[in-house]
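Student: Now for the letters of each chain:
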Amino acid sequence: MSNIDLSVNIGSLKLRNPIMLASGTVGYGNEISEFSDLNKLGAIVTKSLSLKPRKGNPPQRIVETPAGMLNAIGLANVGVDVFLKEKIPFLKQFDVPLICNIAASSVEEYVECTRNLTSEETIKAFEINVSCPNVKEGGLQFGNDVNAVANVTAKVRAVTNKPLIIKLSPNVSYISEFAKVVKDEGGDAVSAINTLVGTSFNIFTKKPKIFNVNGGLSGPAIKPIALAKVLEISRKVDIPIIGIGGIMNWQDVVEFMIVGASAVQIGTLNFIDPTAPEKIIKQLEDYCIASNVEKLSNLTASYIL
Amino acid sequence: MFIVNSPVVETLQVHENIFIQKIHSPEIASIIKPGQFLNVRVSVNSFPLLRRPFSICDVNGENIFLMFNILGEGTKILAKKQKGDLIDILGPLGNGFNLEGEYKNAIIVAGGLGSAPFPLVTRIIKNSKNILSLVGGRSTQDIITYGMQNVQVSTDDGSQGFNGNVVQLLEKHLANIDNKTTKVFACGPNAMLRALKDFCIKNNLDCEVSTESAMACGFGICQGCPIESTTNDDKYLLVCKDGPVFNVKDVVI
Chain A
28 MSNIDLSVNI GSLKLRNPIM LASGTVGYGN EISEFSDLNK LGAIVTKSLS
78 LKPRKGNPPQ RIVETPAGML NAIGLANVGV DVFLKEKIPF LKQFDVPLIC
128 NIAASSVEEY VECTRNLTSE ETIKAFEINV SCPNVKEGGL QFGNDVNAVA
178 NVTAKVRAVT NKPLIIKLSP NVSYISEFAK VVKDEGGDAV SAINTLVGTS
228 FNIFTKKPKI FNVNGGLSGP AIKPIALAKV LEISRKVDIP IIGIGGIMNW
278 QDVVEFMIVG ASAVQIGTLN FIDPTAPEKI IKQLEDYCIA SNVEKLSNLT
328 ASYIL
Chain V
754 MFIVNSPVVE TLQVHENIFI QKIHSPEIAS IIKPGQFLNV RVSVNSFPLL
804 RRPFSICDVN GENIFLMFNI LGEGTKILAK KQKGDLIDIL GPLGNGFNLE
854 GEYKNAIIVA GGLGSAPFPL VTRIIKNSKN ILSLVGGRST QDIITYGMQN
904 VQVSTDDGSQ GFNGNVVQLL EKHLANIDNK TTKVFACGPN AMLRALKDFC
954 IKNNLDCEVS TESAMACGFG ICQGCPIEST TNDDKYLLVC KDGPVFNVKD
1004 VVI
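Protein sequence lines correspond, in order, to chains A and V.
So in the working numbering, spot 53 of the first sequence is number 80, and the numbers just go up one at a time.
So in the working numbering, spot 226 of the second sequence is number 979, and the numbers just go up one at a time.
Simulated from the structure, these hints should not be mistaken for lab results.
Keep in mind that a hint or two might mislead.
[Stated by the list, open to error] Derived BS3-like pairs: lysine-lysine, alpha-carbon spacing no greater than 25 Å straight-line: (1) V:1002 / V:786; (2) V:775 / V:786; (3) A:119 / A:207; (4) V:882 / V:786; (5) A:82 / A:207; (6) V:925 / V:786; (7) A:41 / A:236; (8) V:786 / V:950; (9) V:988 / V:1002; (10) A:119 / V:857; (11) A:119 / A:151; (12) V:829 / A:236; (13) V:950 / V:988; (14) A:234 / A:82; (15) V:988 / A:236; (16) V:988 / A:79; (17) V:857 / V:882; (18) V:882 / V:950; (19) A:82 / V:988; (20) A:67 / A:309; (21) A:79 / A:151; (22) A:82 / V:829; (23) V:829 / V:879; (24) A:79 / V:994; (25) V:834 / V:857; (26) A:67 / A:322; (27) V:925 / V:988; (28) V:882 / V:933; (29) V:955 / A:236; (30) V:857 / V:786; (31) A:82 / V:1002; (32) V:988 / A:112; (33) V:994 / A:112.
[Said to hold, decoys possible] Reference excerpt, derived from the structure (chain V facing chain A, CB under 7 Å, subset only): (34) 799; (35) 802; (36) 854; (37) 856; (38) 915; (39) 967; (40) 972.
Note that CB positions come from ideal geometry on N, CA and C, so glycine has one too.
Chain A with its partners taken away, still in its complex shape:
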């Protein structure tokens, strides 16, 4: 046993290490548990949950792009009630912090979802997906409107005492302005970044490859953008950041931590190698030993400009 301390804190949420599995890339835990010991992970974030079940978009939902992929799943999920009844019992058996990601089409729905979930003790924190259309305001995404993000943060904050993380959209000019309102309205942390809006067309049929036309770009293609967004937030706002975007190996984790992340989420990589997160944790420990880093969290925002 080494004396390396891999633990990190996200506000009051203490994780045994900084490796979290990103929403939408781990389902509700059951499939990935066949490949990986969930108890070794820092945390897992559920697929976005909405108040009612959602069927999601018709096919085609995904397409591969250079060093990345586009997805437009359409927030397919079982809904809060089925989640509590059928998915929580499975997740309960693990000793890994469970973070519920919530998607909604109105502020009221975000609030109601959170209120219905917050008394479930297995759930240790909430992550709010604000990259959803605000149906009452003409379908513009909450995440692109700083006032809407402030409003969602404040209203959800009012109904839960659990750590509240807002997952920020990168499809904005200054992401730090969004992180600032999250902090001002009582949010505990931000995760950055959600996927970037992209599309891909078939040059012979002249039609989009994805039914939804646009999809969210993820994978190593977006890592430099994600790093720049994390750095921007880190320099401007004093709030814990969970770095997300194209992490493929332990070096990427270290890079995200250096530019300001307290923890990270692994997403697209889970589709390719669901055993990778566990390996990365071991490699981070090896890195700490080799580099004389006693406490991994000391890396956070250790950048030298």
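On the provided structure of chain A, position chain V as indicated by the hints.
Tutor: Quick look at chain V alone, frame taken from chain A:
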């Protein structure tokens, strides 16, 4: 399901642009069922990023066989793998064909590369069932009959066999088909599967189809491969986990 690194034994070009790769993988060979698939990582780099799904073509002893054509960068890399090169395989995935049952006659209907799963199907049922294999394509270069038995061919352009599509060829056999003792197994393009579904429902023929879809993970977490169910409007089935083989009555193709 698990991930293994298995060595290539040989890569054969069996037809214009069609390759069969023999891989020594006792772990997979001992448990995989016909119609299941494998998700193969062709490169350790980020390009191509995602795994490629391939249905199991055949199993012989400790070796497994994959059949593919070169469609893009992934299959181009795969086709160049030499003896001893390791292939990163995730599987076995999905539900395969249900070959058990009282039926006496199996009709295999394959379109283009849809022939891929049938060498293993043929190997398993050839001693217990009568097999008729109908293989179709646009033209003679699309016809793949590797590992199949009692084959009849159709081509859209008439360059080989029956001039027409493979469902029309099946229709020609209708008078000789006893739907109580016959089961149809099919794989091919969606247009073929749609026509086959209409035909089988009209003639009350039991039919299982192997479907395909773009997908990322292959085991249910990405939710990237929905297929419409005929019985539940509220929820899509997933090609990777609920399929890829479905009873034709259960899905909208």
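Student: Hint by hint, say whether it matches the structure.
Tutor: Do the hints match the structure? See the list:
1. V:1002 / V:786: Within the cut-off at roughly 22 Å; holds.
2. V:775 / V:786: holds (17 Å)
3. A:119 / A:207: violated (34 Å)
4. V:882 / V:786: holds (18 Å)
5. A:82 / A:207: violated (34 Å)
6. V:925 / V:786: violated (31 Å)
7. A:41 / A:236: violated (42 Å)
8. V:786 / V:950: Distance ~24 Å between residue 786 of chain V and residue 950 of chain V Cα, so the pair holds.
9. V:988 / V:1002: Distance ~16 Å between residue 988 of chain V and residue 1002 of chain V Cα, so the pair holds.
10. A:119 / V:857: violated (48 Å)
11. A:119 / A:151: holds (11 Å)
12. V:829 / A:236: Holds, at about 22 Å.
13. V:950 / V:988: The given pair, whose Cα atoms are some 21 Å apart, holds under the 25 Å limit.
14. A:234 / A:82: holds (23 Å)
15. V:988 / A:236: Holds. Residue 988 of chain V to residue 236 of chain A sits at ~22 Å (cutoff 25 Å).
16. V:988 / A:79: Cα-Cα ~12 Å, so holds.
17. V:857 / V:882: holds (5 Å)
18. V:882 / V:950: Holds - the C-alpha atoms of residue 950 of chain V and residue 882 of chain V are around 22 Å apart, at most 25 Å.
19. A:82 / V:988: holds (5 Å)
20. A:67 / A:309: OK: residue 67 of chain A and residue 309 of chain A at ~10 Å, within 25 Å.
21. A:79 / A:151: This hinted pair holds, its Cα atoms lying about 22 Å apart.
22. A:82 / V:829: violated (36 Å)
23. V:829 / V:879: violated (33 Å)
24. A:79 / V:994: With a Cα-Cα distance of about 23 Å, the restraint between residue 79 of chain A and residue 994 of chain V holds, given a limit of 25 Å.
25. V:834 / V:857: Not satisfied, since the Cα-Cα distance of roughly 40 Å exceeds 25 Å.
26. A:67 / A:322: Distance of about 18 Å is within 25 Å: holds.
27. V:925 / V:988: Violated, at roughly 37 Å.
28. V:882 / V:933: Distance ~14 Å between residue 882 of chain V and residue 933 of chain V Cα, so the pair holds.
29. V:955 / A:236: violated (33 Å)
30. V:857 / V:786: holds (20 Å)
31. A:82 / V:1002: holds (21 Å)
32. V:988 / A:112: holds (18 Å)
33. V:994 / A:112: At roughly 22 Å apart (the allowed maximum being 25 Å), residue 112 of chain A and residue 994 of chain V satisfy the hint.
34. 799: For residue 799 of chain V, the interface hint holds, since the closest Cβ of chain A sits about 4 Å away, which is under 7 Å.
35. 802: Holds, because the Cβ-Cβ distance from residue 802 of chain V to chain A comes to roughly 5 Å (cut-off 7 Å).
36. 854: violated (29 Å)
37. 856: violated (31 Å)
38. 915: Violated, about 29 Å.
39. 967: Because about 5 Å separates residue 967 of chain V from the closest Cβ in chain A, which is inside the 7 Å limit, the hint holds.
40. 972: Constraint on residue 972 of chain V satisfied, holds at 5 Å.
Consistency note: the structure conflicts with the earlier hints numbered 3, 5, 6, 7, 10, 22, 23, 25, 27, 29, 36, 37, 38.
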